Amino acid sequence: MEFKTVVFYFLSAILVYAALRVITARNPVHAALHLVLSFFSAGGVWALLQAEFLAISIVLVYVGAVMVLFLFVVMMLDINIDRIREGFWNYLPLGAVVGLLMVVEMGAILGSQYLGAAEAQVPQTAAGVSNVKELGRLLFTEYVYPFELASVILLVALIAAIVLTHRGAKKTKYTDPAKQVFVKAADRIRVLQMPAEKQD
Amino acid sequence: MMDMLQQFIQGVFGPAWPVVWNLLKIVAVVAPLLLGVAYLTYFERKVIAYMHVRIGPNRVGPLGLIQPIADGLKLLLKEIIVPSGADKWVYLIAPGLAIAPALAAWAVVPFADGLGVANIDASLLYIMAIASMGVYGIILAGWASNSKYAFLGAMRSAAQMVSYEISMGFALVTVLMVSNSLNLTEIVRAQDHGIFAGMGLTFLSWNWLPLLPMFIVYLVSGVAETNRAPFDVVEGESEIVAGHMVEYSGMAFALFFLAEYANMILIAALTSLLFLGGWLSPVGFLPDGFFWLAAKMSFVLFLFLWFRATFPRYRFDQIMRLGWKVFIPVSLVWFTVVGVWMMSPLNIWK
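Taken in sequence, the protein lines are chains A and B.
Sequential numbering of the first sequence, starting at 566, is according to the numbering used here.
Sequential numbering of the second sequence, starting at 2, is according to the numbering used here.
It is worth saying that the hints were derived from the structure and are not from the lab.
Watch out, some of these pointers could steer you wrong.
[As the list claims (entries may be wrong)] Calculated pairs, DSSO-like style, for lysine-lysine (alpha carbon to alpha carbon, straight line, at most 27 Å):
(1) A:K698 to A:K569
(2) A:K698 to B:K351
(3) B:K79 to B:K89
(4) B:K149 to B:K79
(5) A:K569 to B:K26
(6) B:K75 to B:K89
(7) A:K749 to A:K738
(8) B:K47 to B:K75
(9) B:K47 to B:K89
(10) B:K326 to A:K736
(11) B:K326 to A:K749
(12) B:K47 to B:K26
(13) A:K738 to B:K326
(14) A:K744 to B:K351
In this text the structure is predicted, and so the values were computed from the model without any measurement.
If we strip away everything but chain B, and leave its shape as in the complex, we get (with noise of 0.2 Å):
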């Protein structure tokens, strides 16, 4: 029955069909994302709400379910308005430039064993380029606007930014050296065995506890990547309004938001294929699948959210401090005892 659903689909699309196919993997993996931005928002807004002893939205729909999309119609209607002063085209390609990398790495994010948009050798690499680019959108938000508190949030983005890569960078070359291996579905699948994966207890074998300061570093930096609170000075409302984006309206904004939000569940699910075990289930006796994977994300989005509501803003000399003078020089030395690790007769990654 599917083969011949496949063979009559394949014959309306002829020798189009590859591009075809790839579009459609391509829909379904942004549409769900798309959605999962919208919800997050939601369930950020309760999150925080309860922690504050509120309620959160519970006016539109059921429990304030229907929300987000309210929140997105709104916004979608709104006026673009271009300051006087600014550079129009510039200014119109940044919100472009903030999306299109928080969308396009997640064309190598395998979801399950052989599940995702692109399966390629390099794809940690891909993933490390392509979201090195995210700054552009912000940095030039900034400069096109015109405005002094946008420009002074660029300035600040780019160098936080271009700081917390480098730890970044070095928590995953850590990373890639246990699982010798750069493909995401090889790196899970590394952590899949080993003594406690033996006994029964995949969770313990998990990049997450050899590579403990690595996770903890990883982690925070990605808070810090996605300008997320309490690395969020690239914003400081208390501060310079909105940083960025004080000058957008309406989808102009939203798309802006939609980066920061897509970046949030990116930087989830790569500690979750990273350090957390991607899909592989926690105990030997329960099958894997995309369910664990959803559950890991969901829980580090929690987290993002936890420290948003919990923690106070950094001042911006504090975070040049973290980045540079902690968390460095944690990840070097915890690259270099890896490395003799590896090379000891103690070695538990073969």
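Only chain A is shown next, with the shape it has when bound in the complex (with noise of 0.2 Å):
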């Protein structure tokens, strides 16, 4: 057996055992941090198919950034696995039928190689040629627009954000560090020359 495909299996079970441990964890953090492995994993996989601006990219911006918020979140949340569990029994038929939806969805785009429906066959870079360049140049010359279409689509859900968590100007005081750096010790003290008092 060849080097690469020993990495493949041993990121691939890690993968796999993470992504399990995500929904089985009862703890709600241990579920997240299961989830941080299967993104790591996730990135050694595609590393292997030479895609390294995405392994990069998703350890950057999916376990760097949005895991930690996620954790923050989690962290402070007071969850309740008995409670969640209550409506199981309710929500199985849909869950289930979802599910099964996805298995066959899956199936169809994995099993198209053996089915001979498409040729899946992943393009080997040329050594020397920086996949990072590459990408860019692609990302700006022939699909420009859906890129920057991608990039207008989040700038309205970043401001989305920001307009429904603001919930007005605070009314509480606040202090404000601007004025705070400029203030000089003559605006706060004053200073007074008090004759001694005579004792007798």
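Combine the two chains into a complex, taking the hints into account.
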């Protein structure tokens, strides 16, 4: 067996185990941590496919930023697992249908190689060609409109999130650091000269 | 002679030679790094002591030079206590998660032209990705300790690190824009030519001058990323005891300590490589070499210590204000300025 294959199975085994633990772990923080692990192993699998930019960006964006904020929230929540599990049997049929649909869709894509529907050849990049550079060139030439559209949508989402959570001007008193920085001692303290009183 | 030796060694290890060779390279980087961490603590105590008009450590060995070894030995022999109610596994994994990224990032750092463990195309991106994982050690330590102070430290750290990563990222994007590469070796090479370099004054052609606002943003964000004073609200001894490290003892505590100092050295190395010309010599008539990188790193590290001895600790809202309302707008503006500059006929990075 080739070394690359060994690495692939190693990473995939971790990925599948971590993904399973995400939905079976009782502690939500443990579940989030397993999600981090599965992102990281997915990044490793992508690196094996020579998609170095994607591999590093999943670690940078999902592991480094998204999951940190996610953990931040999950740690502060008080989640009662038993209350969440209460409606398990009621929701099972709906969940099963959605799950089955997803399995069929994934099977259709992954199985197409065996069924001969699509030639899923991984394009091998020549050595010495920077993956990042090629990706950047493609994004800003061939896919420039979809790319710009996606960024505008993200910008709209960003502004929408701020508008939705912004509850008007603050009613509480607050300090203005800019003003604080420019305060001089003379504005706050008045030094008085008091003649000494005579003691008798 | 060397060829014969190399052949002999390759013959001994056979097909396992590449693995052994890479392991040797890793040891060659990590061992001096850990030694550097140990003596950085000594250097810090001495520098701050002289700034306070004290003497600093001077009992263990000549000039107190054995002090870091004694400290390390002491920590090694201490008991590791797991608090009751702590999440034992996460509690024990957290120090490892703190130190692993601090060491893994060194894999792509070049020490001189072509000298490093690995030279990959997207090395800057790799460092950003690995460094962004350092925060896990801290927040997990805070959460798993099952202690309020530790948890407060963790929350502060998560908010602070995520905020300063953005302006740091913009600084890096500007650098990669002017050097037209993500590769650290290429970024340094891009700094050795220009108008001033042609006159023999290479140090004026380094990125720090044309990208001065970014240099300052990067340096200060670096101090904030490593949770060093004046951004050390994460530890904040006078407010929350020691933040995420309250419950840790012995080697588990030492690992956090090592991670912090290894990160400091990493930031110093990156600042030197990205803005201060890495291993390039400041003037044309002196040869380039690792010596210059070491000198620049020491200078940046000295700045870290100087800041600690000089500035009082920021309040948390001031930290957030500096990150979001000052650094991000400044870096966005300079990012645009550099973009326009590069497209104009005055472009100096050709």
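Status of the hints after comparison with the structure:
1. Our distance criterion of 27 Å between C-alpha atoms is met by A:K698 and A:K569, whose separation comes to about 25 Å.
2. The hinted pair formed by A:K698 and B:K351 meets the criterion: a straight-line CA distance of about 18 Å does not exceed 27 Å.
3. This hinted pair checks out: B:K79 and B:K89 have alpha carbons roughly 18 Å apart, not beyond 27 Å.
4. For the proposed pair B:K149 and B:K79, the alpha carbon gap of about 24 Å is at most 27 Å, so the pair holds.
5. With a C-alpha separation of about 22 Å, the suggested pair A:K569 and B:K26 falls inside the 27 Å cut-off, and the hint holds.
6. The hinted pair formed by B:K75 and B:K89 meets the criterion: a straight-line CA distance of about 24 Å does not exceed 27 Å.
7. Under the criterion of a C-alpha separation no larger than 27 Å, the hint pairing A:K749 with A:K738 is consistent with the structure, at around 22 Å.
8. With a C-alpha separation of about 20 Å, the suggested pair B:K47 and B:K75 falls inside the 27 Å cut-off, and the hint holds.
9. Our distance criterion of 27 Å between C-alpha atoms is broken by B:K47 and B:K89, whose separation comes to about 37 Å.
10. The straight-line distance between the Cα atoms of B:K326 and A:K736 is roughly 21 Å, inside the 27 Å bound, and the hint therefore holds.
11. Of the supplied pair hints, the one linking B:K326 and A:K749 holds, its CA atoms being roughly 23 Å apart against a limit of 27 Å.
12. Proposed proximity of B:K47 and B:K26 is contradicted: the alpha carbons are some 32 Å apart, above 27 Å.
13. In summary, the hint linking A:K738 to B:K326 is supported, as the alpha carbons are separated by about 20 Å, within the 27 Å threshold.
14. Distance hint between A:K744 and B:K351 is unfulfilled; the C-alpha atoms sit about 44 Å from each other, more than 27 Å.
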